[in-house]
Amino acid sequence: MVVAVGLTLFALSTVLSWGLYGTRCAEFLFGTKIIKPYQVLFCLFMVVGATMQLQLAWDIADTLNGLMAIPNLVALLLLSPVVFKLVKEYFSDPARELEKRK
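Remember, the working numbering sits 6 above the position in the sequence shown when you count from 1.
Worth flagging that the hints you see were computed from the coordinates, not collected in a lab. Treat the numbers as computed from the prediction; the structure is a model and nothing was measured. Honestly, I wouldn't trust all of these hints.
[Claimed, not checked] Just the calculated beta-carbon pair ranges, DEER-fashion:
| hint | residue 1 | residue 2 | range |
| --- | --- | --- | --- |
| 1 | Leu15 | Val54 | 22 to 28 Å |
| 2 | Pro87 | Ser19 | 39 to 45 Å |
| 3 | Leu92 | Leu22 | 34 to 40 Å |
| 4 | Leu22 | Val54 | 27 to 33 Å |
Positions of the beta carbon are idealized from the N, C-alpha and C atoms, including for glycine.
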């Protein structure tokens, strides 16, 4: 019984957290006018996700999570010269000589 209650509360808190996270991201990208349509769409997708086949739900979730990595990877590639420059500056500092030997 304790596990069932804990699992239910975890699922509820996860859904609420992702809903708020998505709302804030949509608001940041598109402005406040998108909040209500996003919340309606989120509720519809909760119902669809709860009624579809489990394997299909996992496949969709995996695909969309993988697609979220693409902008991050592009940003990493674009910022790599900056990172290399900062690392080179950091390790060329004589005060860091002791750290390099470790």
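Cross-check of the supplied hints:
{"no.": "1", "hint": "Leu15 <-> Val54: 22 to 28 Å", "verdict": "23 Å, holds"}
{"no.": "2", "hint": "Pro87 <-> Ser19: 39 to 45 Å", "verdict": "41 Å, holds"}
{"no.": "3", "hint": "Leu92 <-> Leu22: 34 to 40 Å", "verdict": "38 Å, holds"}
{"no.": "4", "hint": "Leu22 <-> Val54: 27 to 33 Å", "verdict": "18 Å, violated"}
Comparing the model with each earlier hint shows a violation of hint 4 alone; every other hint is respected.
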